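Novice: Those sequence lines, one after another, are chains C and U. Numbering-wise, my numbering puts 53 at position 53 of the first sequence, and it's gapless, one number per residue. Count along the second sequence starting at 1, add 1000, and that's the number in my numbering.
Keep in mind that the hints were calculated from the coordinates and are not lab data. A few of these clues could be false.
To be verified - As a list, the in silico PhoX-like pairs of lysine-lysine whose alpha-carbon atoms are at most 25 Å apart:
| hint | chain 1 | residue 1 | chain 2 | residue 2 |
| --- | --- | --- | --- | --- |
| 1 | C | K348 | C | K46 |
| 2 | U | K1325 | U | K1113 |
| 3 | U | K1325 | U | K1182 |
| 4 | C | K356 | C | K46 |
| 5 | C | K438 | U | K1113 |
| 6 | U | K1325 | C | K121 |
| 7 | C | K438 | C | K356 |
| 8 | U | K1242 | U | K1182 |
| 9 | C | K435 | U | K1325 |
Unchecked claim - Listed next, with one range per pair, are the computed distances between beta-carbon atoms:
| hint | chain 1 | residue 1 | chain 2 | residue 2 | range |
| --- | --- | --- | --- | --- | --- |
| 10 | U | F1306 | C | D352 | 21 to 31 Å |
| 11 | U | L1223 | C | L5 | 52 to 62 Å |
| 12 | U | G1189 | C | E157 | 56 to 66 Å |
As the structure is a computational prediction, the values presented were derived from the model and not from experiment. Where a beta carbon is used, it is the ideal one built from N, C-alpha and C, also for glycine.
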Amino acid sequence: MDTLLLSRIQFGANISFHILFPTITIALGWVLLFFKLRFNATGDQKWMDAYMFWVKVFALSFAMGVVSGITMSFQFGTNWPGFMETVGNVAGPLLAYEVLTAFFLEAAFLGIMLFGASRVKPWVHTTATFLVAFGTTMSAFWILVLNSWMHTPVGFELRDGVVHATDWWAIVFNPSMPYRLVHMLLASGLTVAFLLAGISALRLLMKDRAEGTKSTFRTGVVLGAVLIPLQILAGDMHGLNTLEHQPQKVAAMEGNWETQGNVPLLLFALPNEQTRSNDFEIGIPNLASIILKHDPDGVVPGLNDFVTAEGKVMHPPVAPVFWSFRIMVGVGMLMLVMSWAGSYLLWKRGVDDMPKYYLIGMSGMAFMGWVATLAGWYTTEIGRQPWLVQGVLTTEQAVAPVAAPMVLTTLIAYLLVYAALMLAYMGVITYMARKAAKGENLPPDPRGRGVNGNLMPAE
Amino acid sequence: MFASLDLPFIFAALMGLSILIYVVLDGFDLGVGILFPFATPAERDMMVASIGPFWDANETWLVLAIGLLLVAFPMAHGAILTQLYLPVAIMLIGLILRGVAFEFRAKAPAAHKRAWDGAFWTGSLMAGLSQGFMLGMYVMGLSWTWWHVGFAVLTAIFLTVAYSFIGATWMILKSEGALQAKAVDWAKGGIWGVVLGMGAISLATPFVSDRIFAKWFEWPAMLYLSPLPLLSGLLVILIWWKLRRLPMANDHYAWLPFVATIALFTLGFLGMAYSFFPYVVPEAITIYEAASAPESLTIILIGTLFVLPVIIAYSILSYVIFRGKATALRYD
Ligand code: HDD
Ligand code: HEM
Ligand code: HEM
Chain C
1 MDTLLLSRIQ FGANISFHIL FPTITIALGW VLLFFKLRFN ATGDQKWMDA YMFWVKVFAL
61 SFAMGVVSGI TMSFQFGTNW PGFMETVGNV AGPLLAYEVL TAFFLEAAFL GIMLFGASRV
121 KPWVHTTATF LVAFGTTMSA FWILVLNSWM HTPVGFELRD GVVHATDWWA IVFNPSMPYR
181 LVHMLLASGL TVAFLLAGIS ALRLLMKDRA EGTKSTFRTG VVLGAVLIPL QILAGDMHGL
241 NTLEHQPQKV AAMEGNWETQ GNVPLLLFAL PNEQTRSNDF EIGIPNLASI ILKHDPDGVV
301 PGLNDFVTAE GKVMHPPVAP VFWSFRIMVG VGMLMLVMSW AGSYLLWKRG VDDMPKYYLI
361 GMSGMAFMGW VATLAGWYTT EIGRQPWLVQ GVLTTEQAVA PVAAPMVLTT LIAYLLVYAA
421 LMLAYMGVIT YMARKAAKGE NLPPDPRGRG VNGNLMPAE
Chain U
1001 MFASLDLPFI FAALMGLSIL IYVVLDGFDL GVGILFPFAT PAERDMMVAS IGPFWDANET
1061 WLVLAIGLLL VAFPMAHGAI LTQLYLPVAI MLIGLILRGV AFEFRAKAPA AHKRAWDGAF
1121 WTGSLMAGLS QGFMLGMYVM GLSWTWWHVG FAVLTAIFLT VAYSFIGATW MILKSEGALQ
1181 AKAVDWAKGG IWGVVLGMGA ISLATPFVSD RIFAKWFEWP AMLYLSPLPL LSGLLVILIW
1241 WKLRRLPMAN DHYAWLPFVA TIALFTLGFL GMAYSFFPYV VPEAITIYEA ASAPESLTII
1301 LIGTLFVLPV IIAYSILSYV IFRGKATALR YD
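Just chain C, same shape as in the assembly (with noise of 0.2 Å):
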């Protein structure tokens, strides 16, 4: 194998399993500090019992989210620097930005968030918590915003083949923007929305009848039921602006050869690049033409268009792309059906007497946000190859000159430590539930914070 495909395979690896944990962060952040306000203003003790164990899985993901997220801040210059070199002006600063108004932000208060309660007021505290969910969210923005613009680049010139800003407001605000960072925000609050409920259920089904346990299962639930519907016409919205700015990555989602009208929505099909043809199609008739252009007789753009004069491809690979887009849409009818169906067994039944196969369906759900988030990543990284800056520098451009073998090293001990670090993950956390539903982890002492038959160390 090669340099270029060898780096790429690490870099994809390095960031996906740096995103899962973000996706926890940016959210449960707000979670937490919705626990805790309500906490503060009812006194009920099963918030703070909530709180006290949700506080410890965003620590855990906080911690795997920080440290590989500085493996891909140094990625930049290891393995791609015709990157920085090529588009450093608009990267830097966006980068730059991002660690000094959102890293050291939520860095710095993490540490009175989690080990400060005691000896801070109150009132400290919770600013100190409503400061790192803000810098995560921060931290999206600034992250998203570059990623946007290396898909829908804007407000810059090239000089002697290197890119210089013109117009930092055209850069921040690039076209695709608003809607990625809408639909990551959302797919973040989806996943947690998930991983709440479905850990709670799992403890529910362990028999733990705490009090905290069946408001976070509502919150979850609730929390899910709500974001769904936005989320799936966010990423209607997300699509048509796809369509204006990167045909070619629509074509490749909808697995659509020819420019045509009466365009259908395939369910299933073996996008085959040899043959640039679709095996065993099954499709809805006119319903791609209908979502795209609102049309059944609306044009879609085909992949044949992006093919040079000289026969170079220059759109993406079609399967990848056209598969994870379909798992995320998938998943995301999935959660459609299981949230609503869960908020309308809990308006008619009530938590105490949920059907045990929804909770068991539901704690399959944990981490089913995470399936989706990345499928909805390798839709749109991989949808845009060959570019790594849309129309500017290709992928292959930027690839460092490092030996091959030199990066296999890396990419295997990367993979043998993620992996293992997966593994201690999920069990660890699966081991806290186990452990909060036998009740080890909650105190009967009612009185609130600060009184000692509450206080648990941080463990």
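Let chain C serve as the given structure and place chain U with the ligands on it in line with the hints.
Specialist: For chain U with the ligands alone, kept in the frame of chain C given last:
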């Protein structure tokens, strides 16, 4: 308004500042990890508790330093990091291991705690060694010859011991009783790493290039520079003298070794900065050749001027909140 500013110089200074802050801050918490094998399980909990609220923010200075290198000197960024590909990867894996071990050791089933302690130690050691190795390679001009690698192996060992030394002085400040007495012994055992490390780099750098040699040994520069080695020597003597008396009644002077060590690291750093200026890739690319476009640097500078003081303020706030002797870490 910023047109007349020497932007490359300002950014080199900012980058230097964040590297220095990183080396001091993550230096002590890496050092605490490196000292793990010498502590009992209960002492380890205390040691982790003393760095718990800080390690993440400490590491962020590394992200800022690498970020500034990347944004201000994109040409140098690629040149340095591709040359240091392997040590960087080792450092990153080390930082990953210790960062997560920190959480896992407290949350995993008790039976796994020892294994996570091992990961914490290994990770800290990997990070310290690889940083020292990169320092040595950098001083030697980033070329992979046997001679240079040999030197880098030496600096790797010295920096690791120096980290364990500043970690020990931090523990003197943050602990009491038996652990504090132990920390004093650790510090006594580690000070040679600082002395030899600074000595090796000071002796080697002037011989790497005639330019650096001339900068140091020309009259009157030699006169102006003489305080650097003199003060460093005095600080080492001061630290040694205090270490022999610590711990003292009422915890007097428990802060002194740590503060003096920071001063020592700073002096060493100033000396290096003086040697290498104006080069960012030693003897190959100057900060002026590597700098990115002034418009982009200006945009960053404006933000930095507003945000950096705030960052420093709340970082200090966090050290103030968690001042005093370390206590068990709790979430409430
Ligand atoms: C949508 C959100 C998102 C995305 C796409 C990325 N990150 Fe990230 N990152 C975060 C959201 C985030 C976060 C929520 O802010 C994290 C996760 C946990 C944490 O501590 O902060 C974080 C941590 C984090 C850190 C550690 C910060 C610290 O020390 O506190 C670094 C250096 C990076 N990231 C760098 C990157 C790079 C170079 C990326 C892309 C190539 C990237 N992240 C993608
Ligand atoms: C966080 C979610 C993200 C995921 C899961 C993700 C995933 C991927 C994947 C799978 C590829 C490989 C595509 C291919 O080569 O076929 C890729 C490419 C790339 N992405 Fe992303 N990406 C994410 C976000 C970002 C962000 C925020 C940036 C930069 C700001 C970025 C920069 C890049 C770069 C530089 C490449 C080119 C290297 C390569 O092809 O592997 N990505 N990404
Ligand atoms: C069910 C309806 C959904 C639709 C129609 C939809 C649509 C889209 C589209 C068109 C893209 C590609 C954007 C591009 O062209 O670059 C995308 C990306 C993405 N999707 Fe979805 N999506 C849906 C559900 C979900 C769900 C349930 C999640 C996660 C919980 C999710 C997470 C993501 C993420 C993380 C990305 C990549 C980041 C981005 O480009 O915003 N999506 N989605």
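Novice: Now tell me if each hint is right for this structure.
Specialist: Each hint, compared with the structure:
1. Restraint check for K348/C and K46/C: satisfied, since their Cα atoms lie roughly 23 Å apart, inside the 25 Å limit.
2. For the proposed pair K1325/U and K1113/U, the alpha carbon gap of about 24 Å is at most 25 Å, so the pair holds.
3. Proximity of K1325/U to K1182/U is assessed by CA-CA distance (about 15 Å); at most 25 Å being required, the pair is judged to hold.
4. Restraint check for K356/C and K46/C: the C-alpha separation of about 23 Å stays at or below 25 Å, so the hint holds.
5. The suggested pairing of K438/C with K1113/U holds, with an alpha-carbon distance near 21 Å, which does not exceed 25 Å.
6. With a C-alpha separation of about 20 Å, the suggested pair K1325/U and K121/C falls inside the 25 Å cut-off, and the hint holds.
7. With a C-alpha separation of about 19 Å, the suggested pairing of K438/C with K356/C holds against the 25 Å cut-off.
8. Note on K1242/U and K1182/U: the hinted pairing holds, with a Cα-Cα distance of about 15 Å set against a maximum of 25 Å.
9. Proposed proximity of K435/C and K1325/U is contradicted: the alpha carbons are some 31 Å apart, above 25 Å.
10. Between F1306/U and D352/C the Cβ separation comes to about 53 Å, which falls outside the hinted range of 21 to 31 Å.
11. For the hinted restraint 52 to 62 Å between L1223/U and L5/C, the CB-CB distance of approximately 58 Å keeps it satisfied.
12. Look at G1189/U against E157/C: about 59 Å separates their beta carbons, and that is inside 56 to 66 Å.
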